[in-house]
Amino acid sequence: MAIVAVVDYGAGNSRSVLYALQRLSVDAVFTADPDTIRRADKVIFPGVGNAGSAMKKLKNTGLDTVIPGLQQPVLGVCLGLQLMCRHTTEEDTRGMGIFDSGVTHFASQAERMSGLKIPHMGWNVVDGNKGHLLSGIPENSYFYFVHGYFAEVSRWTTGTTDYGLIFSSVMEKDNFFATQFHPEKSGDSGEAVLKNFLAL
Amino acid sequence: MLTFRIIPCLDVRDGRTVKGVNFLNLADAGDPVELAATYRDEGADELVFLDITATHERRKTLLFLVKKVAEKLNIPFTVGGGISTVEDVGALLQAGADKISVNSAAVCSPELISELAWHFGSQCVVVAVDAKKTSGGAWQVFTAGGRTPTDRELFSWVREAEERGAGEILFTSMDHDGTRKGYANEALARISETLNIPVIASGGAGKPEDFYNAWKKGKADAALAAGLFHYKELSINTLKEYLRSRNVPVRI
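Keeping their order, the protein sequence lines are chains P and C.
Counting in the numbering used here, the first sequence runs from 1 upward without gaps.
Counting in the numbering used here, the second sequence runs from 1 upward without gaps.
What the hints contain is simulated information worked out from the structure, not anything from laboratory work.
Take the hints with a grain of salt, since some may be wrong.
As the list claims (entries may be wrong) - With a straight-line Cα cutoff of 30 Å, these simulated DSSO-like cross-link-like pairs (lysine-lysine) come out:
1) C:K133 to C:K219
2) P:K57 to C:K67
3) C:K181 to P:K117
4) C:K72 to C:K60
5) C:K219 to C:K181
6) C:K67 to P:K195
7) P:K195 to P:K130
8) C:K60 to P:K117
9) C:K232 to C:K67
10) P:K57 to P:K195
11) C:K132 to P:K117
12) C:K217 to C:K232
13) C:K216 to C:K232
14) C:K133 to C:K207
15) C:K217 to C:K132
16) P:K117 to C:K219
17) P:K173 to P:K59
18) C:K181 to C:K207
19) C:K216 to C:K181
20) P:K195 to C:K68
21) C:K133 to C:K217
22) C:K132 to C:K181
23) C:K207 to C:K217
24) P:K56 to P:K117
25) P:K117 to C:K133
26) C:K232 to C:K68
27) P:K117 to C:K216
28) P:K195 to C:K72
29) C:K217 to P:K117
30) P:K173 to P:K56
31) C:K232 to C:K219
32) C:K72 to C:K207
33) P:K57 to P:K173
Work the whole structure out from these sequences, hints included.
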């Protein structure tokens, strides 16, 4: 049985990710141990909260260099996606640089956000099905988002979402995958994304 | 485009779902775990679980139920009721809640909102507000499940909650709650236009049109209801089909 490591760095709703894996009958370990993470068949890097303090926690445990060096499929979720990018303006934080994209706050684009609430919270659609994660999922399926910062569209973007502006909601590069939405909280379509990742 | 969210609320006491009228006369409305699974299958966009147990066993019972519900739910799950410390919230998130809602404790010590936002992020802090229109026309905030009047005024209180880091406001009009005559749309619209965070309408849903009006007139981002769904008078599927036919963006 394949083992999935869920990275424990004290950032948010990891329990929801573990329950989602349990519903899919997947054997998961919740760990901060670099060796366990390196040995896992797949790695999920979840997270909600503040990028600055999350990055500090990753540095303290050395995981900021372990994660970019992983060879097996890795799935970043929400803050996980943002920390896999080059830089985020949230507390001017340097990310792990797996995706060469910048992350900025919706409020920095004030003229496009008029009348829209921040954070972007709720169910929205994802456009694009070039990559692996959205494979077989119908167009216009809804996913659950909660975030105030967004990753710019780059060459690694395989799915985009429109909220005043177009941002990266799915990114893929080699063995690295990431979603801005929460697949573990996105109903059946979210479960399909997790299954696609687990089948890689 | 973001969809208008439909949120069933489970008021839970001693491990059972209950429903009252104007915060009183509680009647049994079923097993919360079963109801949660039913709502998930019917297309609920989120679930709110409000614990109104008053016994000493409360915390243990609640954490056990939260875990059982969270294991089944693949949609966001908010838990509220009697939450007053960072430790309470930590334990609930650990049990599987995605967000928590605070009410009385936040009114008594508003710095709790800032502390929770700092520890867990604004995205998981819902500030629930129960209010009632006084004879003078002002909206007065109540605590303790609508039993205790406070000297706070609704619109300034929700503004303060947002400034302190609330991620969402769940506004219940006590005048409308349980009456099934529609939401307090005027007050809702005023809150929604004042704040830059999402507002959830609560109290008064009786028919599909009430949800439409909460969106259209109340400018709410989401609408919450309890009894209407528990007694199977209205299914979430049917409600969403109706809303879609009136051009409200909903997830189907």
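Hint check results:
no.: 1; hint: C:K133 to C:K219; result: holds (19 Å)
no.: 2; hint: P:K57 to C:K67; result: holds (27 Å)
no.: 3; hint: C:K181 to P:K117; result: holds (28 Å)
no.: 4; hint: C:K72 to C:K60; result: holds (19 Å)
no.: 5; hint: C:K219 to C:K181; result: holds (17 Å)
no.: 6; hint: C:K67 to P:K195; result: holds (23 Å)
no.: 7; hint: P:K195 to P:K130; result: holds (17 Å)
no.: 8; hint: C:K60 to P:K117; result: violated (36 Å)
no.: 9; hint: C:K232 to C:K67; result: holds (25 Å)
no.: 10; hint: P:K57 to P:K195; result: holds (29 Å)
no.: 11; hint: C:K132 to P:K117; result: holds (26 Å)
no.: 12; hint: C:K217 to C:K232; result: holds (26 Å)
no.: 13; hint: C:K216 to C:K232; result: holds (25 Å)
no.: 14; hint: C:K133 to C:K207; result: holds (23 Å)
no.: 15; hint: C:K217 to C:K132; result: holds (19 Å)
no.: 16; hint: P:K117 to C:K219; result: holds (12 Å)
no.: 17; hint: P:K173 to P:K59; result: holds (23 Å)
no.: 18; hint: C:K181 to C:K207; result: holds (8 Å)
no.: 19; hint: C:K216 to C:K181; result: holds (16 Å)
no.: 20; hint: P:K195 to C:K68; result: holds (23 Å)
no.: 21; hint: C:K133 to C:K217; result: holds (18 Å)
no.: 22; hint: C:K132 to C:K181; result: holds (15 Å)
no.: 23; hint: C:K207 to C:K217; result: holds (15 Å)
no.: 24; hint: P:K56 to P:K117; result: holds (29 Å)
no.: 25; hint: P:K117 to C:K133; result: holds (27 Å)
no.: 26; hint: C:K232 to C:K68; result: holds (22 Å)
no.: 27; hint: P:K117 to C:K216; result: holds (16 Å)
no.: 28; hint: P:K195 to C:K72; result: holds (17 Å)
no.: 29; hint: C:K217 to P:K117; result: holds (17 Å)
no.: 30; hint: P:K173 to P:K56; result: holds (24 Å)
no.: 31; hint: C:K232 to C:K219; result: holds (26 Å)
no.: 32; hint: C:K72 to C:K207; result: holds (28 Å)
no.: 33; hint: P:K57 to P:K173; result: holds (24 Å)
Violated hints amount to a single one, hint 8; each of the other numbered hints is respected by the structure.
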